[in-house]
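Protein chains in written order, with this note's numbering: chain C, 426 to 560; chain R, 426 to 560; chain W, 897 to 1136; chain X, 897 to 1136.
Mixed in with the good hints, there may be bad ones.
[Stated by the list, open to error] No more than 20 Å apart at the CA atoms, straight line, and that leaves these computed lysine to any residue pairs for SDA-like:
1. R:K437 - X:R1095
2. W:K942 - W:D1107
3. C:K445 - W:K912
4. R:K557 - X:S1069
5. W:K994 - C:I553
6. X:K1044 - C:C501
7. C:K534 - W:D993
8. W:K1044 - R:C501
9. C:K437 - C:D483
10. R:K557 - R:K497
11. W:K912 - W:M1041
12. W:K1044 - R:C538
13. X:K994 - R:I519
14. C:K450 - W:A902
15. R:K497 - R:N474
16. R:K478 - R:Y489
17. W:K994 - C:F524
18. C:K554 - C:Y489
19. C:K437 - W:E971
20. W:K942 - W:V978
21. C:K437 - W:R1039
22. C:K554 - C:V495
23. R:K537 - W:L1040
24. W:K942 - W:D1118
25. C:K493 - C:E504
26. X:K1103 - X:E1061
27. X:K1044 - X:L908
28. C:K554 - C:Y503
29. X:K941 - X:I1136
30. W:K972 - C:D465
31. C:K537 - C:E504
32. W:K965 - C:K450
33. R:K547 - R:E504
34. C:K534 - X:L908
35. X:K1054 - W:D1107
36. X:K965 - R:D517
[Claimed, not checked] Part of the chain R face toward chain X, derived, beta carbon under 8 Å:
37. W429
38. A434
39. T438
40. E504
Quick caveat, the hints were computed from the structure, so don't treat them as lab data.
Even glycine gets a Cβ: it sits at the ideal position worked out from N, Cα and C.
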Amino acid sequence: MHEWALAEAVIKTALNVMNKEGGKKIVELNLVIGELQTIDMDAFTFAINELIKGTAMDGAKINYEFEKPVFKCLNCGYEWSIESLDKLLNEDEIEAIHFIPELSHVFVKCPKCGSPDFEVIKGRGVYIKSIKIQE
Amino acid sequence: MHEWALAEAVIKTALNVMNKEGGKKIVELNLVIGELQTIDMDAFTFAINELIKGTAMDGAKINYEFEKPVFKCLNCGYEWSIESLDKLLNEDEIEAIHFIPELSHVFVKCPKCGSPDFEVIKGRGVYIKSIKIQE
Amino acid sequence: MDPRLAIISERLSRVKRVIAVASGKGGVGKSVISTGLALILALKKKYKCGLLDLDFHGPSCHIILGVDKLDIVEEKGIIPPVINGIRFMSIIQFAEDKPVALRGRDISNAIIELLAITRWGDLDYLIIDMPPGMGDEALDTIRLMRNKEFLVITTPSKLSIGVVEKLISFLRSVNADIIGIIENMALSETSIVKEFSSRIGVRYLGKINYDPGLERCLGSVDCLMSTKFIENLQEILENI
Amino acid sequence: MDPRLAIISERLSRVKRVIAVASGKGGVGKSVISTGLALILALKKKYKCGLLDLDFHGPSCHIILGVDKLDIVEEKGIIPPVINGIRFMSIIQFAEDKPVALRGRDISNAIIELLAITRWGDLDYLIIDMPPGMGDEALDTIRLMRNKEFLVITTPSKLSIGVVEKLISFLRSVNADIIGIIENMALSETSIVKEFSSRIGVRYLGKINYDPGLERCLGSVDCLMSTKFIENLQEILENI
Ligand SMILES: Nc1ncnc2c1ncn2[C@@H]1O[C@H](COP(=O)(O)OP(=O)(O)O)[C@@H](O)[C@H]1O
Ligand SMILES: Nc1ncnc2c1ncn2[C@@H]1O[C@H](COP(=O)(O)OP(=O)(O)O)[C@@H](O)[C@H]1O
Ligand SMILES: [Mg+2]
Ligand SMILES: [Mg+2]
Ligand SMILES: [Mg+2]
Ligand SMILES: [Mg+2]
Ligand code: NI
Ligand code: NI
Ligand SMILES: [Zn+2]
Ligand SMILES: [Zn+2]
């Protein structure tokens, strides 16, 4: 359940943005969930829903968009995506990446040249795509 | 005159691309010149024109687009641009950056918070924007 | 928008002092000193103390503490496991003994993630074992942590002092607090570090002699606590 | 499209051997050994030798060589200045004594730029003094240089061996050539590095003793060439 910590981060950031822009209420929040981090969505949405209670985000529409991880090898230039981590990695490896997505460099290799020197160009983790604020 | 070395790099890269795509001739080359590197354009265009003689780029139209350097501070988020390095830096500093643009981190500071921890988001140095190849 | 940056200050809000043990130079004793400091503060002075090993390429604190595996405890985030009274976080908790070859961008991202999800709770001290260099780890420590202070380590060698002078000049340029300089691994009598400190105007905190008995105590805290090394370090601690 | 990557292999095309002196661990003697190697190869063996200090945060080779300013010679690129018979490149040529605090992304960019514009010419050896870690410098050396071989340095300490084991496991995972391991700064008799080398199956190249006379010779090449340190290193060189 470190999903709670990620949810806290999202909500704190959204409320900061609202305050900075002088808004009163957040009506919509669009989140992108990068699947490299294999977030437990039950735990995450539970946390989000608990944490917004009584805040200026209470009642906001929250949309989740999922993104498959896409990698680009810096050694050979190859670009690839992973449909499902389960087939490639064991449980401990997936858990390590769950906490620190950069540890994918320890466990994932470029399928073409074997290098761990790649960029995660999409689907790393959670980020906020946009926020709709009521003045 | 290390501009010659940069021109060689540009031409070798363009010819590589042409060969990879199975082309016969390069008819147009669009270059972006980031002004942080204060390239001596006389020396650079002289080198380009000398180096293309007798190659599959001979006679190509070469367009130069200039880009002012734009920085974004990672410490405070401020974004700024520099119109002319001359007013900000001395000759030695400009020369260091001429060779290694990353040395801007040694000599330039965020005008808002004083941090050297910024990104050069535009105008670093030379890159190839596009190439027109004849089959 | 990165949601992680905003939460970091909250995660560190109940940490009274953040001390980054740094040098610029490698192999000067940052890891033994930061681990030793955390042990003295926790075991002898009974402070609430955390230790964060930020050297992802060359993590060492766990070897000094004699730990080779750390369990992950999750409770609305990650709760640092308590090792010899110290709340300890290291990349080995996640990567175990595997090599972690990361570019700076990934190191920075991993640090941000770690700081965003770790619940240190109430701490009197958080000691950070810094890697050598003035790269992403140093820049992110400066950028992301409010109350940080730098404790600078050097040996009496020209090569170390050359690099440390650069680190100090950099830390000053970003207005970072510098507690002072510790001289480590003094093998012969020289005053080169003392003179250097007074020339650049940073407090000289004291000297730790080269201790031939340190090596065999690495990995055993009881043994470590009885070394001359810890004795020297504890004397210096009175100045910090 | 970055025009610099394609030219790098051409710039190194007349370099016979590229030897990266690496460790993962800091302070084990990478800089004194790489500089010493370059000096022996150039002055004693009369080879054409280059030395590239890739430790931008903690450049040291110039201090060992006793150089504090390097002129920039341009001729269709940058021609490395010749210092004691060695073609020498270091970030201090451009930054002088100022601190160069760079994130990994910028280090990588600076390395690419340097390799793209430097005309090494004909060389028998290019020795690279690597920084500690397994970051952008190591990854770019692997990615950008064709014929590189790694020469790995460790001290007999558990802390150094722990990090070096990770480096070697990483180098193997990317199929990099490893020449072997040099043990440095042996103060007492132990066979820990020899045993480590045979356990992981890397050649043990030999041992350099801790030389109390080295420090005062840093900065003077004549003095340096007469040290026990150089004597030990030269014996090892016969194995490389
Ligand atoms: N005072 C000392 N006496 C003896 N050995 C020391 C002392 N300080 C450090 N060392 C040894 O020096 C080496 C480098 O120390 P370490 O803490 O790993 O440095 P860093 O973290 O700066 O790279 C290690 O082998 C360590 O055991
Ligand atoms: N064989 C040796 N005898 C004595 N001192 C040494 C020896 N090897 C290295 N040193 C000293 O150890 C310190 C670290 O060496 P250095 O070459 O800077 O290591 P690195 O480049 O790995 O950080 C320096 O002060 C250097 O003078
Ligand atoms: Mg990545
Ligand atoms: Mg930059
Ligand atoms: Mg260390
Ligand atoms: Mg070095
Ligand atoms: Ni979790
Ligand atoms: Ni030039
Ligand atoms: Zn690849
Ligand atoms: Zn700023």
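Now the hints, each set against the structure:
no.	hint	result
1	R:K437 - X:R1095	46 Å, violated
2	W:K942 - W:D1107	26 Å, violated
3	C:K445 - W:K912	28 Å, violated
4	R:K557 - X:S1069	40 Å, violated
5	W:K994 - C:I553	32 Å, violated
6	X:K1044 - C:C501	17 Å, holds
7	C:K534 - W:D993	18 Å, holds
8	W:K1044 - R:C501	17 Å, holds
9	C:K437 - C:D483	13 Å, holds
10	R:K557 - R:K497	33 Å, violated
11	W:K912 - W:M1041	12 Å, holds
12	W:K1044 - R:C538	17 Å, holds
13	X:K994 - R:I519	15 Å, holds
14	C:K450 - W:A902	19 Å, holds
15	R:K497 - R:N474	35 Å, violated
16	R:K478 - R:Y489	19 Å, holds
17	W:K994 - C:F524	16 Å, holds
18	C:K554 - C:Y489	10 Å, holds
19	C:K437 - W:E971	19 Å, holds
20	W:K942 - W:V978	14 Å, holds
21	C:K437 - W:R1039	19 Å, holds
22	C:K554 - C:V495	18 Å, holds
23	R:K537 - W:L1040	17 Å, holds
24	W:K942 - W:D1118	16 Å, holds
25	C:K493 - C:E504	13 Å, holds
26	X:K1103 - X:E1061	18 Å, holds
27	X:K1044 - X:L908	11 Å, holds
28	C:K554 - C:Y503	27 Å, violated
29	X:K941 - X:I1136	13 Å, holds
30	W:K972 - C:D465	13 Å, holds
31	C:K537 - C:E504	9 Å, holds
32	W:K965 - C:K450	46 Å, violated
33	R:K547 - R:E504	11 Å, holds
34	C:K534 - X:L908	28 Å, violated
35	X:K1054 - W:D1107	15 Å, holds
36	X:K965 - R:D517	13 Å, holds
37	W429	4 Å, holds
38	A434	4 Å, holds
39	T438	4 Å, holds
40	E504	17 Å, violated
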